[in-house]
Every structure is written in C-alpha cells, then in structure tokens.
Amino acid sequence: QVHLVESGGGVVQPGTSLRLSCATSGYIFGNHGLHWVRQAPGKGLEWVSLIWYDGSRKYYAEPVKGRFTISRDESEKAVYLQMDDLRVEDTAMYYCARDDSSGYYGLDVWGQGTTVTVSS
Amino acid sequence: SSELTQDPAVSVALGQTVRITCQGDSLRTYFASWYQQKPGQAPVLVVYGADNRPSGIPARFSASKSGDIASLTITGAQADDEGDYYCITRDTSTSHAALGGGTKLTVL
Chain A
19 QVHLVESGGG VVQPGTSLRL SCATSGYIFG NHGLHWVRQA PGKGLEWVSL IWYDGSRKYY
79 AEPVKGRFTI SRDESEKAVY LQMDDLRVED TAMYYCARDD SSGYYGLDVW GQGTTVTVSS
Chain B
61 SSELTQDPAV SVALGQTVRI TCQGDSLRTY FASWYQQKPG QAPVLVVYGA DNRPSGIPAR
121 FSASKSGDIA SLTITGAQAD DEGDYYCITR DTSTSHAALG GGTKLTVL
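Protein chains in written order, with this note's numbering: chain A, 19 to 138; chain B, 61 to 168.
What the hints contain is simulated information worked out from the structure, not anything from laboratory work. Ideal placement from N, C-alpha and C gives every residue a C-beta, glycine not left out. Incorrect hints may appear among the rest.
[Stated by the list, open to error] Derived BS3-like pairs: lysine-lysine, alpha-carbon spacing no greater than 25 Å straight-line:
1. 98(B) / 61(A)
2. 164(B) / 61(A)
3. 125(B) / 164(B)
4. 76(A) / 95(A)
5. 83(A) / 61(A)
6. 98(B) / 164(B)
[What the hints assert, rightly or not] Some chain A residues close to chain B (C-beta under 8 Å, calculated; not the full set):
7. 53
8. 62
9. 63
10. 64
11. 65
12. 68
13. 79
14. 113
15. 120
16. 123
17. 128
18. 129
19. 130
20. 131
Let the sequences and hints guide you as you build the complete structure.
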C-alpha cells in the first residue's frame, strides 16, 4: 500500500527556516513526481511546488519562489521542502501528494500533513 | 491565487443529483482531477482523467469536460458526501498545478 508521511513542521519565527520531509513507501519512487500543497487555517488548498519523477524539473508557486527549494533523495525514497525566510503568511498545513504521472497532475495519494506556524 | 474558478458553495437534497463545475483555460488542453476534503482530513482523489475513479470511490461520482469547463457530478448524493471539493489541472503556460478555490457541498 502506498504511504506518504510528512514531518518537520513546527513553530518558528519570521525570517527563519524549516525543512519538511515526505517519506514514501509502497511504490516505485522513481516512477512518480511529488507535489507540496498547503492549506492556511480556514482557507482553500494552495499548490506550492512540484518535482518531477526523475528530479529533472522543479516548479514553484510565485509566493514561495526564491525562498523554498524542493529536492528528492532516491536512496531514502523521500522528498524535501527547504523553506527559508519564512513569513507569517506561510503558516499552513503542508501536504505532500504523489503525482499519478498522467501528465495533467492527478494527485492520487496524499499524506496527512505537517503543520507550520510562523509567528513572532 | 487559483487559476481555476469554482462556485464557493452548492447544496443538494439527499438523494438528488448535483454538479460542481470548474472553469479555466488550461482545461481546454488537460483533464481535471477532483478531490474531496472533510474537516480535519487530507484531501482524497475522487475522480481523475476522462471519468475514472480510484478504488473505493463510489460509482455515484463521475466527471465530464466541455471546452474550458470540467464538471464533477454526484448522482444520488448521500450525507457522507458533504465536504469541500477541489479541482486541479496542469497549467498550460507554466506547467504549475492550477487549483480551484473549492466548492463547499451541503447535503440537505
């Protein structure tokens, strides 16, 4: 069974950094890309970033471009989101989700999320 | 910001049919995928592609697309179908993921 487990969230001050991890299991890691999607309290879903199945392409939403970096480790079967210069508006639940490799971004498996709170 | 447009809220009587729509230019090229989210839970994929359901999703959920509008139809809505529904597709210009703002479904 496919599982995604996020970790690394916490409470931090503005301007600091966090590194989120998404541990995967139950499928061939190199066959699927991974997305990060966040949800601020009481708000809708917001796409954050995508890394292709082979790591060759990475995409970022405009609000996080230049501050967040997505990466993957084939040996660990994990994807990471390095978040620098965090802002209050980055406060959200962060989900990782597997891309179904359809080409139109079906996110077929989601983790349970990890909470990031940015507050002074 | 959301590059796909959804109605903020829709209601349906128990057992009736409801359609939730999603509009955006990228839908002329790509299919949408649809997600259900209940309070305090992660989103769940309910329909993807032309009209495909993951294992375990009831057959009352179906999808269609015409031009720049994708639709999720629930035929015979149940109380358990209440929640927020989101559409996602690939943005043709940026290859980012485009999300709808979500539709809150109430079953009366």
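These are the hints, each one checked on the structure:
The hinted pair formed by residue 98(B) and residue 61(A) meets the criterion: a straight-line CA distance of about 13 Å does not exceed 25 Å. Using a Cα cut-off of 25 Å, the hinted pair residue 164(B) and residue 61(A) holds, with the two alpha carbons roughly 12 Å apart. With a CA separation close to 20 Å, the supplied pair residue 125(B) and residue 164(B) stays within the 25 Å bound. The suggested pairing of residue 76(A) with residue 95(A) holds, with an alpha-carbon distance near 17 Å, which does not exceed 25 Å.
In summary, the hint linking residue 83(A) to residue 61(A) is supported, as the alpha carbons are separated by about 21 Å, within the 25 Å threshold. Between residue 98(B) and residue 164(B) the alpha-carbon distance is near 10 Å, which keeps this suggested pair within the 25 Å criterion. Residue-level restraint check for residue 53(A) holds (minimum Cβ-Cβ distance to chain B is 6 Å; threshold 8 Å). A cut of 8 Å between beta carbons decides the hint on residue 62(A): the least distance to chain B is about 4 Å, and the hint holds.
With its C-beta approaching chain B no nearer than about 5 Å, residue 63(A) sits inside the 8 Å limit, and its interface hint holds. Against a cut-off of 8 Å between C-beta atoms, the interface hint on residue 64(A) holds, since the closest Cβ of chain B lies about 7 Å away. A hinted interface residue such as residue 65(A) counts as satisfied when its beta carbon comes closer than 8 Å to some beta carbon of chain B; here the least separation is about 4 Å, so the hint holds. Satisfaction of the interface hint for residue 68(A) is found here, the shortest Cβ-Cβ separation to chain B being roughly 6 Å, below the 8 Å cut-off.
Interface restraint check: residue 79(A) against chain B, minimum CB-CB distance 7 Å, threshold 8 Å, status holds. Because the smallest distance between the Cβ of residue 113(A) and any Cβ of chain B comes to about 6 Å, under 8 Å, the interface hint for this residue holds. For residue 120(A), the shortest C-beta to C-beta distance to chain B is roughly 6 Å, which falls under 8 Å, so the interface hint holds. Annotation: interface hint on residue 123(A) holds; nearest CB of chain B at approximately 5 Å, less than 8 Å.
For residue 128(A), the shortest C-beta to C-beta distance to chain B is roughly 4 Å, which falls under 8 Å, so the interface hint holds. Checking residue 129(A) against chain B by beta carbon gives a least distance of about 7 Å; that is within 8 Å, so the hint holds. With a least beta-carbon distance of about 5 Å to chain B, the hint placing residue 130(A) at the interface is held under the 8 Å criterion. Given hint, residue 131(A) at the interface with chain B, holds; its Cβ is 6 Å from that chain's nearest Cβ, closer than 8 Å.
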